[in-house]
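**Student:** Sequence:
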Amino acid sequence: MIILENQTLVGRGLHREVYVHPENDRLCVKVAIVSEHKEFDREYHYYRLLQKRRIHWDNLPRFHGMVATDRGTGAVFDLIRDADGQVSKTLGEYLVASDLTATQARAIVAATDALKRYLLDQAIITMTLKPKNIVYQHLSEDSGKLFVIDNIGNSDFIPLCNYVAGLARRKIARKWRQFENTIASLPSLSPELRTLVTAD
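At position 162 of the sequence shown (counting the first as 1) the number is 161 in numbering that gives the first Met the number 0, and the numbers step up by one without a gap.
No lab work stands behind these hints, which were simulated from the structure alone.
This one's a predicted model, so the numbers in the text were calculated from it and none came from an experiment.
For lysine to aspartate or glutamate, the following EDC-like pairs were computed, each having C-alpha atoms within a straight-line distance of at most 16 Å: (1) 129 to 179; (2) 170 to 120; (3) 37 to 155; (4) 144 to 77; (5) 174 to 120; (6) 144 to 83; (7) 115 to 179.
My request is simple: use the sequences and hints to build the entire structure.
**Tutor:** In structure tokens form, the structure reads like this:
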């Protein structure tokens, strides 16, 4: 059994906590913090489906299976870190950063475009796309990558989109438009990014 120490906590949402894996700091462990495990199970089954489809893991943390922990069953994923080894921050943190440079803003916009292409190409469905559920892996002043770290999967009663790529891409395109509207409506959006997202 893996022991998860409080000081290794790297993230907490409404339903789950994320800890650095005690035996490998390039991995993390997600554990449920509420008695309702529906979201946890849905994501687990969807990741298993993605494994069977042999997707490319370019913008999604690779899933490494389940482990027993002192806080219940945990799911093990890649832990996204920046080039300097620090745990990557959420896109939401970058969007409202007052000290963001124009070069960094352009890199984030490019990474956002790449993420959209990736989701459509690999037909990867998300429940919702939110800046807080995406991390920006800072690689250099002018380059980085976005990874969706939460809310992966499909809650449709009959999940045809999981198996029909065309239906999946229509759903992804719809959710992406909602995501763009969410970003554009942020009152504290970084001035550098506001200039770029409204340029068209």
